[in-house]
Every structure is written in C-alpha cells, then in structure tokens.
Amino acid sequence: MKPRHKRLALIGGGLAALAVAAALVLNAFQSNLVFFFSPSQIAAGEAPRDRAFRVGGLVQAGSVKRNPEGLTVNFVVTDTAKDITVVYTGSLPDLFREGKGVVAQGKLGADGVFRATEVLAKHDENYMPPDAQHALEQAQKAQKSLRTP
Amino acid sequence: MSNRLINWFRYGSPQSFYPLAGRMVPWFAAAAAVTGAAGLWIAFFVAPTDAQQGEAYRIIFVHVPASWLSMFLYIVMACWAGLGLVLNTRLSAMMAHAIAPTGAMFAFLSLWSGALWGRPTWGTYWVWDARLTSELVLFFLYLGYMALNAAIDDPRRADRASAVLALVGVVNVPVIYFSVKWWNTLHQGASVSLTRAPSMAATMLTGMLVMAIAFWMYSIAVALMRVRSIMLEREAHTDWARELKESAA
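Chains as they are written, first to last, in my numbering: chain Y, 1 to 149; chain W, 150 to 398.
Since the hints were derived computationally from the structure, they do not count as laboratory data.
For every residue, glycine included, the Cβ atom is placed at its ideal position computed from N, Cα and C.
Mixed in with the good hints there might be a few duds.
Said to hold, decoys possible - If the Cβ cut is set under 10 Å, some of the chain Y residues that face chain W in the computed set are:
#1 Pro48
#2 Arg49
#3 Ala52
#4 Thr72
To be verified - Computed footprint of chain W on chain Y, listed as stretches where at least three residues anywhere in the stretch have a Cβ under 8 Å from a Cβ of chain W:
#5 13-24
#6 27-35
Start from the sequences, fold in the hints, and give me the full structure.
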C-alpha cells in the first residue's frame, strides 16, 4: 500500500464515519429540527404543551374572519386531515391567502384555540404566470364538476 | 501505448499551470459577461410575472443560482483539499484556497437575497428553519476555512489543517440540499430537481439556468485569477516565478 493510498483510505474512512455520526445526530434531534407542527401532529399530542411552538398548514378556504374593529383575525389551519383554529392580532403578510400555506407561532390554549403572536406565509415551489394559473384553476373546476354531476 | 492524450500531472505543477490559467481566464470571463447579460435580460424582460408572488419572485434569478453555486463550490473546494491531502500536490491546496472566497460570497449572496425575498413573501427576513440555518453554517464553514488558513504561518501545515476542515464540512451540503425534504421548513421545497419535471414556467426556468451558467463561468474565471496570484505568492522563491518577475519588469 502506497502512502497516498493509505491517506485516501484514511480520509474515506473518516468521512464515512463522520457521515454516520451526522446522520445519527440529525436523527436524534429530528423533533427539534422541525420548524412547525402540522395539525395532525398537534392532535396526536406531539406538540409541546406549555411553551410556544409553530403550527403550519393551509389556511382553510372560507375560514378567515376579520374582526370589524381592530386587527384581530380568526382562521383555520388544516392539513386536510385535522385542523386547528388560530387567533391572531396584527398585520398579515401579503401572501397570506385562503387555501395557501401559513406558519403561525404561538401557544395552544386549553380551549384548543391556537393564539398566535406571529404569522408567516409559506409559499409553494410552483412558479407560473397568472394566465397559466387561471387555466389550471378552470381545469380543476371542470374536473370537479365532471366528478359530481 | 498510452491512451492518455493529456498528461494531467504536467499541469499539476504551478509552473505549467500558471500560463494555462492565464490563457483561460479571458474566455471564462467573457462567457460570464455574455450569459450574465442574457440571463438578466430574460429575468427582467422575458420571464412572466408570477401568479402568487407578483414581481417579488424575480429575486429567484439571483437567489437560486447563488445558492447552487455556494453548495457546488464547497464540494469542489473540498475535492481539491482532499486531493491535496492524498497526493500532496502543491496546486490542489492552492485551488481550494482560490475557490473559498468566491464560495463564501455566493453563500452570503444566497442568505442576503433570501432575506430580501423573505420579507415581502413570508413576512420576515429570517427564521431559524433547517434550510436557512444550514446555509448559514455553510457560510461560517467558508469563513472558518479561510480563517484557519490565514492563522497558520507554515503554508503546508495550513493546507493540511484547512483541508481537514473543508472535508468535515462536506457533511453539511447534503443537509442543506435535503433539509426542505427531511423536515418541515418555512422555505419552499425544490422547484427544480433531477428526479421530476420542474414546477416552473419554461421561460422562468431558462432564465434561472442561464444565470446559473453565468455564475459558474464567473466562479471559474475568478478562481483562476486568484489561484494565479496565490501561485506567485507561494512560489516567489522558485526560478520560474523569479524569471516571470524579471521578464515582466
């Protein structure tokens, strides 16, 4: 074995060991690396009870109710399986829309209502011009009406 | 009969790589200028407005190529560093040193453009989600690599120490790349991946890819320029460097 082969083997072995170690660490911290909990996870009791955490999902269509006085707004965050009601006072990001992604930080009250201190919009990975989106929506509508005659 | 047409090891010596790098720089610089201009033109005038994000999405044409390059350059840097450790060649470590500042710049550009993009879309400049945090770690790895290099006076020892750091940091690159898949993040998932069709309009994708090529060409040009000065600095005591200096004077 030439010295440089030895060094290559050492580096290769070192990197492999490091990769395994990193994988184990990341796996152990899995729950701490989660930026938000989904409503299903909260329903399953995975979210912390006494401290603040984030809930993420889609804003349920038709669920946004704005208080006529002040900036308080109620909406439902859903992951299509479970959902959770969120109350928030403050200004919402521009991309906050019904049917779109949202991440809210706050605490879960005893009444099951999530009191948010911060609301962030989470957009998806799709980029398309407005007319393409319009066409897509039309197609989805057409498909729906075909399924339910 | 040898089927190797080019003797790669010949260019492994700074003496013969120096003029070759000098000849390559203008070509890559010109390619960077042309593709950069084309990419920006597509980004601003050809690509349509996004249905969800409006005009704010156009930062993607800088943000995504910069992020790609920051990760890719780290891998290239670590490969050179590893090659230097294994083969003990002088040029490998110099190449790794030459790449680091450009990689750090792209990592910073990625974080900065991301912050400017996050504010109008998400509603915040910064969150500690897995994608953003791991990219910040990448930026610090570049800084740490450069600092370690500068901190050790003996260049051969500095090469070896920083090479180990560079190799250890490679673990972070797949973490950045897959973070949006492995964990819930505020950052969006990948719009472009090798395993499925891109979820972007064609002109948007073209603009992004052309910008990525431009950043790539820029990186090569700048790294070659930097490696030339590192070579001269490090090899100042050798005959070829002295001769070069005399012929230039």
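Verification of the hints:
At a threshold of 10 Å, the smallest CB-CB gap from Pro48 of chain Y to chain W is about 15 Å, leaving the interface hint violated. A distance limit of 10 Å between C-beta atoms decides the matter here; for Arg49 of chain Y the minimum to chain W is near 19 Å, and the interface restraint is violated. Using the Cβ-Cβ criterion of 10 Å, the hint placing Ala52 of chain Y at the interface with chain W is not satisfied: the shortest such distance is roughly 13 Å. A hinted interface residue such as Thr72 of chain Y counts as satisfied when its beta carbon comes closer than 10 Å to some beta carbon of chain W; here the least separation is about 17 Å, so the hint is violated.
Counting residues of the region 13-24 of chain Y whose CB lies closer than 8 Å to any CB of chain W gives 5, which reaches the minimum of 3, so the coverage claim holds. Interface restraint, the region 27-35 of chain Y with chain W: holds (4 residues with C-beta to C-beta distance below 8 Å; minimum three).
Checked against the numbered hints above, the structure violates hints 1, 2, 3 and 4; every other hint is satisfied.
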